[in-house]
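Asks: One letter stands for each residue in the lines below.
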Amino acid sequence: MVSEQDYVSGLNGMLMEMMEAVETMGDQVHDALVNHKKGMRQQIYDQSKSIQIKEEEVEETGIQCMIRYQPLASDLRAVTVAMKISYDLGRVARYIYNVLEMNEEFNLRECDIHQVIELFGDSREMVRQSIRAYLNKDAKMATEICSNDDSIDNRYRDILDQYKHQGVFSGECILFNGLTARIVERMADHACYISHEVIYLVTGRRQFYR
Amino acid sequence: MRLLSRKHTEILVKILCIVVTIVVISPLLWIIGKVIYTGLPAWNWNFFTTIIGPPESSTSGIGPAIEGTFIMNGIACLFGIPLGIFTGIYLAEYAHDSIFASVIRTAVESMAGVPSLIMGLFAAALIVENLNRNQPTALAGSFALGLMIIPLVARATEESMRVVSNDIREAAIALGIPKWRRTLQIVVGIASGGIISGALLAFARISGETAPLLFTAYFNDFWPTGVNQAMASLQVYIYNNALQPYSAAIANAWGAALLLILIVLGINIIVRIFIRPKYQEGF
Amino acid sequence: METKLDVQNLNAWFHKKQALKNINIKIPEKQVTAIIGPSGCGKSTFVRCINRMHELSPGARVEGSIVMDGLDIYGGIDAMDVRRRIGMVFQKPNPFPNMSVADNVVAGLRLAGGYKNEELDRITDDNLKEVGLWGEVKDELYKSGASLSGGQQQRLCIARALAMKPEVLLMDEPTSALDPLSTAKIEELVKKLKVDNTIVIVTHNVQQAARISDMVAFFYLGELIEFDETRVIFEKPTNQLTERYITGRFG
Chain A
1 MVSEQDYVSG LNGMLMEMME AVETMGDQVH DALVNHKKGM RQQIYDQSKS IQIKEEEVEE
61 TGIQCMIRYQ PLASDLRAVT VAMKISYDLG RVARYIYNVL EMNEEFNLRE CDIHQVIELF
121 GDSREMVRQS IRAYLNKDAK MATEICSNDD SIDNRYRDIL DQYKHQGVFS GECILFNGLT
181 ARIVERMADH ACYISHEVIY LVTGRRQFYR
Chain B
211 MRLLSRKHTE ILVKILCIVV TIVVISPLLW IIGKVIYTGL PAWNWNFFTT IIGPPESSTS
271 GIGPAIEGTF IMNGIACLFG IPLGIFTGIY LAEYAHDSIF ASVIRTAVES MAGVPSLIMG
331 LFAAALIVEN LNRNQPTALA GSFALGLMII PLVARATEES MRVVSNDIRE AAIALGIPKW
391 RRTLQIVVGI ASGGIISGAL LAFARISGET APLLFTAYFN DFWPTGVNQA MASLQVYIYN
451 NALQPYSAAI ANAWGAALLL ILIVLGINII VRIFIRPKYQ EGF
Chain C
494 METKLDVQNL NAWFHKKQAL KNINIKIPEK QVTAIIGPSG CGKSTFVRCI NRMHELSPGA
554 RVEGSIVMDG LDIYGGIDAM DVRRRIGMVF QKPNPFPNMS VADNVVAGLR LAGGYKNEEL
614 DRITDDNLKE VGLWGEVKDE LYKSGASLSG GQQQRLCIAR ALAMKPEVLL MDEPTSALDP
674 LSTAKIEELV KKLKVDNTIV IVTHNVQQAA RISDMVAFFY LGELIEFDET RVIFEKPTNQ
734 LTERYITGRF G
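These protein sequence lines map, in sequence, to chains A, B and C.
Letter by letter, the first sequence follows residues 1 to 210 of the working numbering.
Letter by letter, the second sequence follows residues 211 to 493 of the working numbering.
Letter by letter, the third sequence follows residues 494 to 744 of the working numbering.
It cannot be assumed that every hint is accurate.
Okay, derived cross-link-like pairs now, DSSO-like style, lysine-lysine, Cα gap no bigger than 30 Å in a straight line [as the list claims (entries may be wrong)]: (1) C/K609 x C/K519; (2) B/K389 x C/K684; (3) C/K631 x C/K678; (4) C/K685 x C/K636; (5) C/K685 x C/K658; (6) C/K729 x C/K684; (7) C/K687 x C/K523; (8) C/K729 x A/K137; (9) C/K687 x C/K729; (10) C/K622 x C/K523; (11) A/K49 x A/K164; (12) C/K684 x C/K631; (13) C/K523 x C/K636; (14) B/K217 x C/K509; (15) C/K636 x C/K519; (16) C/K678 x B/K389; (17) C/K658 x C/K729; (18) A/K140 x C/K510; (19) C/K631 x C/K510; (20) C/K729 x B/K389; (21) A/K38 x A/K49; (22) C/K609 x C/K631; (23) A/K84 x C/K585; (24) C/K585 x C/K622; (25) C/K729 x A/K54; (26) C/K729 x C/K631; (27) C/K622 x C/K609; (28) C/K685 x B/K389; (29) B/K217 x C/K636.
Don't read these hints as lab results, they were simulated from the structure.
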């Protein structure tokens, strides 16, 4: 690969900022889940909002790069991929906020949510890895990450299976676990999409569908 | 520390150039002025139409000399211009860096430098002595003049054709046009302004050459009846009459000189004002 | 995709210096093939080999074959015949200044002989319309070819080449000397012409190649480095050198 253009480095810097913000958010929400904290809706919402704003900035900057520099080949792929990944990170932030919303909505004192918390952690790890693969332009790593998506899907189904037979669980517990697992599974999907973009960036092959 | 400011230096140099130019042109202007002043009085209908009489007569004219000049110039152009043009075409388009081409080019350059007197002697030796049993003939005079035309026209032709941009030739090549058509119909067509100018200026130049005619066409007081005879010409007329003791003869000489200068100047002006601009329009 | 020009083992020299090294390429029919590469890479030499103009340069030598419709251009055919069947447009517009606009269009035909005047008039009109010049010059057909603007002159040269009904149209940096508006007009023209003509265009403007070509050939130091579809070359070229040239990382 040729050396990186300055404007691509600029875009990557913005993406790294987004990722840091996503991590901060994610840590806070993880903490809220584990310690049954409530009342964090506003602060998490604000963080999600600022990440959406950053996403718009990346998009706008990308378009300006195309106008100004008319990039081709690897430069072109770098710009379009950066724009796509910013969208994916924006979605991830949104999902993290949704998870917190679930936490605020439901009374979970009597509910076993450790599976969902684990799933949440693993999905966050996938996103983290996919961004690392992006910054290192590591297509091999990206391919491996995406193959983990299947396991996340399976665990999500396992969680749902538990509730197929209504029994001793409270309605709130069912709802929380079901909905949150779904949200978290979508997060993992986006980690996979990011990995697809990394593969396209490095090899120019585009064969996957969202 | 400057002696003069930059602005003053500019003005000084400009004035210097103008003054020098005036000094250089003055003799020309003086000559023209003098010829007009002295020659014009001799001009009248009689002057242009009568045969050349005895030097002391004031009723003699220069009619035969005018006709003779045009006839001899005409014949000279007839063979000199085409030869000159084709030599120029050869040098411009066909001669590459071969020894043959260098020889031709040197020969043409040298011809341009040969004194007209020598040309006249050569023509006299070749034609008058060997071919004409020592009878003077206008043909020999034309031949000498023609030899002088050739290098002038060849040089003008070659230069005009060299100036034609190579892009044009490439366009013709790319269309698959054969070389001879490209040379004659396109390049020569574009160079035609320069070639015509060269031919006209050559004509003007030989109109003033006297030496070649002295041993070849000599002189003839009467209207020309054929080309293989001695013939009058303006140049030789002036030469003959200028040294005569008779005032009528001298006056007539000035009159003839005026005519000659007008022809030469006229051609130069026509070339400069009409021909060059017309042919440069498309460039 | 039919092949119009099958170039095999083409080598070319200027005196001792080798300008083209073993070029093998199949130029497709009725498409625009762009030839790109840094200065001195042999792109102009390559197209000039196609219409056998390279051999006119001092010390020029060519080896190899170029087969067009089953006939080897270098196989004993008269070079002038080749040039009548393969047209060329140059970087600097070069209409004949001593001919009118109308005469310029049919200059090649007229100087090859054998056409009646009425035919020539019709051919003039048709080709001027084809290049989009008709409307602009129809009242001035008898003015000198050189009296037009630069962009118009270039379109006139294209009309002149097209009038010969060439099998291939070669264009050597045809818009380098023109302003952006004329350039745009000529690019539009090229896109229109490729429906019926095979076009090979040399350009040092990578963006132009991206805009108008179907196939791109990248030359470097006399060698053909990569030849592929335009969208492949400009999205993900196979060769590192191509990548570096296109993204401007080259000196």
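Asks: Determine for every hint whether it applies to the structure shown.
Replies: Status of each hint after checking the structure:
1. Of the supplied pair hints, the one linking C/K609 and C/K519 is violated, its CA atoms being roughly 38 Å apart against a limit of 30 Å.
2. The suggested pairing of B/K389 with C/K684 is violated, with an alpha-carbon distance near 34 Å, which exceeds 30 Å.
3. Under the criterion of a C-alpha separation no larger than 30 Å, the hint pairing C/K631 with C/K678 is consistent with the structure, at around 18 Å.
4. Distance restraint check for C/K685 and C/K636: the Cα-Cα separation of roughly 27 Å lies within the 30 Å cut-off, and the hinted pair is therefore satisfied.
5. Taken as a hint, the C/K685 and C/K658 pair is honoured in the structure, with Cα atoms around 16 Å apart against an allowance of 30 Å.
6. With a C-alpha separation of about 24 Å, the suggested pair C/K729 and C/K684 falls inside the 30 Å cut-off, and the hint holds.
7. A hinted pair counts as satisfied when its Cα atoms are at most 30 Å apart, and C/K687 with C/K523 qualifies at roughly 5 Å.
8. Of the pairs offered as hints, the one joining C/K729 and A/K137 holds, with about 15 Å between alpha carbons and a cut-off of 30 Å not exceeded.
9. For the suggested pair C/K687 and C/K729, the alpha carbons sit about 25 Å apart, so the restraint of at most 30 Å is met.
10. Restraint check for C/K622 and C/K523: satisfied, since their Cα atoms lie roughly 20 Å apart, inside the 30 Å limit.
11. Of the pairs offered as hints, the one joining A/K49 and A/K164 is violated, with about 36 Å between alpha carbons and a cut-off of 30 Å exceeded.
12. Under the criterion of a C-alpha separation no larger than 30 Å, the hint pairing C/K684 with C/K631 is consistent with the structure, at around 24 Å.
13. For the hint pairing C/K523 with C/K636, the CA-to-CA distance comes to about 34 Å; that exceeds 30 Å, so the pair is violated.
14. At most 30 Å may separate the alpha-carbon atoms for a hinted pair to count; B/K217 and C/K509 exceed this at roughly 56 Å.
15. The straight-line distance between the Cα atoms of C/K636 and C/K519 is roughly 42 Å, outside the 30 Å bound, and the hint therefore fails.
16. Only pairs whose Cα atoms come within 30 Å are accepted, and C/K678 paired with B/K389 is rejected, the gap being roughly 33 Å.
17. A C-alpha spacing of about 36 Å is found between C/K658 and C/K729, which places the hinted pair above 30 Å, so the restraint is violated.
18. Only pairs whose Cα atoms come within 30 Å are accepted, and A/K140 paired with C/K510 is rejected, the gap being roughly 45 Å.
19. Pair hint C/K631 plus C/K510 does not hold up; C-alpha atoms about 48 Å apart against a cutoff of 30 Å.
20. Between C/K729 and B/K389 the alpha-carbon distance is near 47 Å, which puts this suggested pair outside the 30 Å criterion.
21. The straight-line distance between the Cα atoms of A/K38 and A/K49 is roughly 19 Å, inside the 30 Å bound, and the hint therefore holds.
22. As the CA atoms of C/K609 and C/K631 are separated by approximately 21 Å, the hinted pair is consistent with the 30 Å bound.
23. For the hint pairing A/K84 with C/K585, the CA-to-CA distance comes to about 44 Å; that exceeds 30 Å, so the pair is violated.
24. With a C-alpha separation of about 22 Å, the suggested pair C/K585 and C/K622 falls inside the 30 Å cut-off, and the hint holds.
25. A C-alpha spacing of about 29 Å is found between C/K729 and A/K54, which places the hinted pair at or below 30 Å, so the restraint holds.
26. For the hint linking C/K729 to C/K631, the alpha-carbon distance of about 46 Å lies beyond 30 Å, and the restraint is violated.
27. Distance check on the hinted pair: C/K622 and C/K609 sit about 20 Å apart at the alpha-carbon level, within 30 Å; holds.
28. The straight-line distance between the Cα atoms of C/K685 and B/K389 is roughly 33 Å, outside the 30 Å bound, and the hint therefore fails.
29. For a cut-off of 30 Å, the pair hint linking B/K217 to C/K636 is broken: about 47 Å separates their Cα positions.
The structure is inconsistent with the numbered hints 1, 2, 11, 13, 14, 15, 16, 17, 18, 19, 20, 23, 26, 28, 29, although it conforms to all the rest.
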